[in-house]
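**Q** Protein chains in written order, with our numbering: chain X, 292 to 534; chain P, 292 to 534; chain W, 292 to 534; chain S, 292 to 534.
To be clear, the hints were calculated from the coordinates, so they are not data collected in a lab.
These numbers were taken from a predicted model, which means no experiment stands behind them.
Heads up, some of the hints might be wrong.
Copies of one chain are not kept apart here, so a pair can be met inside one copy or by any two copies together.
[Stated by the list, open to error] With a cut-off of at most 30 Å between alpha-carbon atoms, the simulated DSS-like pairs for lysine-lysine come out as follows:
| hint | residue 1 | residue 2 |
| --- | --- | --- |
| 1 | Lys-441 | Lys-346 |
| 2 | Lys-441 | Lys-379 |
| 3 | Lys-350 | Lys-441 |
| 4 | Lys-300 | Lys-469 |
| 5 | Lys-350 | Lys-457 |
| 6 | Lys-346 | Lys-458 |
| 7 | Lys-346 | Lys-384 |
| 8 | Lys-458 | Lys-350 |
| 9 | Lys-300 | Lys-394 |
| 10 | Lys-394 | Lys-504 |
| 11 | Lys-319 | Lys-300 |
| 12 | Lys-458 | Lys-534 |
| 13 | Lys-458 | Lys-420 |
| 14 | Lys-441 | Lys-300 |
| 15 | Lys-300 | Lys-534 |
| 16 | Lys-441 | Lys-420 |
| 17 | Lys-458 | Lys-319 |
| 18 | Lys-441 | Lys-384 |
| 19 | Lys-384 | Lys-496 |
| 20 | Lys-420 | Lys-319 |
| 21 | Lys-457 | Lys-346 |
4 protein chains.
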Amino acid sequence: MTLLNTSFKTNYLHTYFKTTIVIPDSGKANYKAVWLLHGYTADDTTWIRNVNIEKLADKYDLAIVMPEGRNAFYTDSNFIPYYSFFIKELIPKVQDLLPISSKAEDNYVAGVSMGGYGALKFGLENPGKFSRIAAMSPVADIEHFRNNSKSPMPINTFDTIFDSPKKLHDNQLANILKDVDTTDQKILQLCGDADFMHEDNIVLKGQLTDKFKTNYTWMPVSGDHSWTTWSANIDQVLNWFTK
Amino acid sequence: MTLLNTSFKTNYLHTYFKTTIVIPDSGKANYKAVWLLHGYTADDTTWIRNVNIEKLADKYDLAIVMPEGRNAFYTDSNFIPYYSFFIKELIPKVQDLLPISSKAEDNYVAGVSMGGYGALKFGLENPGKFSRIAAMSPVADIEHFRNNSKSPMPINTFDTIFDSPKKLHDNQLANILKDVDTTDQKILQLCGDADFMHEDNIVLKGQLTDKFKTNYTWMPVSGDHSWTTWSANIDQVLNWFTK
Amino acid sequence: MTLLNTSFKTNYLHTYFKTTIVIPDSGKANYKAVWLLHGYTADDTTWIRNVNIEKLADKYDLAIVMPEGRNAFYTDSNFIPYYSFFIKELIPKVQDLLPISSKAEDNYVAGVSMGGYGALKFGLENPGKFSRIAAMSPVADIEHFRNNSKSPMPINTFDTIFDSPKKLHDNQLANILKDVDTTDQKILQLCGDADFMHEDNIVLKGQLTDKFKTNYTWMPVSGDHSWTTWSANIDQVLNWFTK
Amino acid sequence: MTLLNTSFKTNYLHTYFKTTIVIPDSGKANYKAVWLLHGYTADDTTWIRNVNIEKLADKYDLAIVMPEGRNAFYTDSNFIPYYSFFIKELIPKVQDLLPISSKAEDNYVAGVSMGGYGALKFGLENPGKFSRIAAMSPVADIEHFRNNSKSPMPINTFDTIFDSPKKLHDNQLANILKDVDTTDQKILQLCGDADFMHEDNIVLKGQLTDKFKTNYTWMPVSGDHSWTTWSANIDQVLNWFTK
């Protein structure tokens with residue numbers, strides 16, 4: 292197992308960008324990879340500081356790539372063009388640098404909370420890059436999240452990213468779903484029964500089920516919106532990627 | 292010499308925040324400290340990746356604290372309340388954690404480019420925290436910088452931070468200078484003769500001279516707006532702090 | 292919670308030495324501290340890569356210091372004078388640098404496997420520095436370990452450290468125990484029931500009970516000599532320190 | 292430019308092993324690589340903490356790999372089988388993981404002081420792996436080094452590695468040179484005129500000239516045995532690799 296703390300200068304984000312990566316020891320030239328996104332308030336080290344990711348990467352023989360999210364909601368904004376950066380710069384950079392397959396069938400995207408939202412958006416809009424998506428306790432409805440008193444994100448920060456009604460509309464998962472034209476991807480969703488966004492997740496569950504039918508899986512779990520829930524279930528999520 | 296890569300969760304920035312810190316070996320309980328800011332496109336590791344900061348910290352027996360700037364222009368904005376974070380959270384946190392004096396007479400702030408601007412703003416507005424300020428090739432006039440084709444910062448990113456004419460006005464160094472009511476601090480400024488912001492620096496030099504008289508020092512240097520210039524002069528800058 | 296990856300040049304070990312440290316956010320000037328040692332084949336990052344140490348440090352309001360062991364068996368040898376370094380250089384260095392109490396009553400030493408051996412040796416021989424000791428699956432009998440086919444340590448490496456019969460004798464915990472003249476310290480020992488060194492631990496349990504009476508605690512646990520066992524029990528161990 | 296701090300578990304050294312690596316941005320599938328070794332008292336971060344290696348890697352479009360040396364003298368010993376590890380485990384591991392050519396013609400080995408000795412030994416004994424060798428202020432005569440009062444290495448540490456007259460004899464560069472049967476490699480040597488091992492370097496210069504003729508280059512430099520000398524000359528050394 293190799294743990295890599297990487298830093299490179301991006302042209303899209305105009306800064307040095309940190310990504311924590313785990314590569315198994317099985318000696319493959321083209322590992323299957325999970326792009327594992329964190330939530331609001333976290334960074335590229337949060338996953339490995341909360342969960343033994345190396346052990347899981349080894350168990351499932353998966354490369355796991357954990358980029359900084361920079362609180363950008365995995366979205367292009369005036370301040371941070373994160374979405375474009377992720378799709379156009381980060382993915383090819385990492386796939387060129389490390390023994391990671393560039394085939395969609397070998398790439399999966401997952402995340403928690405804001406990262407669950409990001410996983411769904413990146414995945415659904417880029418079926419040519421990702422064959423599987425796992426959303427853990429995703430921000431299922433960004434409009435509700437904006438006004439939710441339990442959200443840790445200040446409204447004015449939110450509005451800096453989603454800075455017009457159109458921008459908000461276009462980035463709603465429900466609306467993104469309408470434009471999806473392939474349903475060959477496999478999607479997993481989970482959300483703790485005590486999560487403050489549980490209701491929104493149930494609504495999203497309905498929308499995803501309608502669209503993806505048997506390619507969609509709901510994994511029922513207990514717990515709230517915290518690492519207790521995510522730590523308890525990430526093994527199952529990674530296991531699902533390998534099936 | 293101890294090198295510390297630190298990460299802590301901030302309440303102001305809603306994320307984990309990285310700061311690289313160097314502490315000399317002389318065993319002091321209260322080191323004098325330099326808060327050393329980087330420019331646009333850089334991060335908390337940029338100074339030590341470009342300059343042998345440890346050697347200089349040892350030479351001048353100074354703690355050197357190098358926080359991430361997160362491209363926030365060292366300014367409070369809707370996206371990142373960096374200024375408040377820096378003054379109210381970062382400084383006390385680091386002074387509590389490490390053997391660093393909290394007296395203004397023992398704390399100096401310095402930076403390059405966007406960090407030179409930040410050093411001047413943090414310093415001039417907080418004489419109770421910093422007794423000396425060193426601005427290396429600072430962004431001396433943010434309005435000119437906004438429109439400067441040589442600036443690496445996209446206008447829409449700039450406008451996310453300085454999002455109204457009033458905000459821009461209030462953050463102009465020339466205007467900040469008008470409100471300064473103590474001139475006991477010592478200020479050093481340098482800017483390479485081939486720097487694309489050299490003219491703006493000459494204007495700022497005049498304003499600082501008028502206000503700070505003999506407490507102001509202009510250090511004439513050759514070079515452009517790059518690490519070649521800053522690497523060549525940081526030793527002299529740190530030396531000035533200790534005089 | 293602040294995570295610090297530190298590196299400083301030691302005079303004892305003639306190299307840069309890495310220590311990973313976690314400091315809670317409660318703002319104390321003098322935290323109680325756990326010196327947490329790893330086993331053979333591990334390094335200063337192993338604890339945080341296997342267990343959510345930050346969460347536990349926060350839960351129990353303890354500073355946790357995790358130094359590299361450099362496979363030195365926490366012992367002075369011709370190649371690495373680790374014991375002297377640890378007691379005479381590392382402890383004062385870290386206590387000077389960070390808000391950590393230097394009183395014995397506030398300092399505890401713990402470790403797994405080779406680190407459990409180290410914790411007992413450091414603790415028992417330095418009652419003026421540590422008031423509590425927790426040995427998790429310690430190498431309870433180094434002579435048995437030397438010849439144990441399940442040990443990952445080659446005999447010639449072992450013999451480089453314990454390079455004479457006298458050295459081996461003097462470093463046997465049973466012999467160290469004979470010279471202990473204070474029994475005010477509190478000692479905790481655990482060892483999984485399927486551990487390949489379980490029998491040796493039972494013998495040591497008897498020796499420690501004879502000497503320390505009610506100041507000694509045996510924590511019965513199931514499991515083998517692995518992180519599965521240690522991950523499952525470190526919370527309980529840290530909890531014991533705070534009682 | 293990507294900076295990678297890597298850590299992997301080695302089978303040879305029975306621990307996690309850290310290597311700092313810099314990869315240029317030119318997008319090659321098979322970079323030429325420099326294996327850059329440090330001296331006694333240093334570690335995998337020493338080169339980048341003393342010299343702007345990233346800038347040089349970019350300038351010469353070279354991957355630069357900087358492994359920990361663990362004070363092992365780049366030699367197999369009872370305590371650390373470093374030589375075998377380096378040749379049989381580290382090199383293939385890194386070449387498999389990163390876009391680095393595995394051809395001898397694309398791999399160069401360099402080092403300072405103890406690392407200069409290591410570069411010569413690794414290089415001369417493995418012409419199938421390295422086509423060029425650069426020794427900067429190498430420990431040219433290990434017997435003299437053993438007894439040299441200016442050496443920072445204690446004799447008993449030295450004797451743990453070179454633990455018999457035969458071992459010392461077999462690891463003397465002069466004796467290794469006798470067994471070299473190919474002289475197609477290109478060799479560069481430098482040593483500051485005020486270096487405490489300058490005389491030994493002059494003797495080695497003669498031996499290398501006799502053997503390698505025009506494939507050998509002596510680069511005359513001023514300075515002592517310190518980073519001042521090495522910082523001043525590493526650019527020239529890397530430049531020589533690319534000619």
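**Q** Look at each hint and say if it fits the structure.
**A** A quick look at each hint next to the structure:
| no. | hint | in the structure |
| --- | --- | --- |
| 1 | Lys-441 x Lys-346 | between (33 Å within a copy, 22 Å between copies) |
| 2 | Lys-441 x Lys-379 | between (33 Å within a copy, 24 Å between copies) |
| 3 | Lys-350 x Lys-441 | between (35 Å within a copy, 23 Å between copies) |
| 4 | Lys-300 x Lys-469 | neither (35 Å within a copy, 38 Å between copies) |
| 5 | Lys-350 x Lys-457 | neither (43 Å within a copy, 44 Å between copies) |
| 6 | Lys-346 x Lys-458 | neither (40 Å within a copy, 37 Å between copies) |
| 7 | Lys-346 x Lys-384 | both (25 Å within a copy, 19 Å between copies) |
| 8 | Lys-458 x Lys-350 | neither (40 Å within a copy, 41 Å between copies) |
| 9 | Lys-300 x Lys-394 | both (25 Å within a copy, 29 Å between copies) |
| 10 | Lys-394 x Lys-504 | within (24 Å within a copy, 51 Å between copies) |
| 11 | Lys-319 x Lys-300 | both (27 Å within a copy, 17 Å between copies) |
| 12 | Lys-458 x Lys-534 | neither (36 Å within a copy, 54 Å between copies) |
| 13 | Lys-458 x Lys-420 | within (24 Å within a copy, 42 Å between copies) |
| 14 | Lys-441 x Lys-300 | between (35 Å within a copy, 18 Å between copies) |
| 15 | Lys-300 x Lys-534 | between (36 Å within a copy, 28 Å between copies) |
| 16 | Lys-441 x Lys-420 | neither (33 Å within a copy, 35 Å between copies) |
| 17 | Lys-458 x Lys-319 | neither (41 Å within a copy, 38 Å between copies) |
| 18 | Lys-441 x Lys-384 | between (36 Å within a copy, 26 Å between copies) |
| 19 | Lys-384 x Lys-496 | neither (33 Å within a copy, 43 Å between copies) |
| 20 | Lys-420 x Lys-319 | both (20 Å within a copy, 22 Å between copies) |
| 21 | Lys-457 x Lys-346 | neither (43 Å within a copy, 41 Å between copies) |
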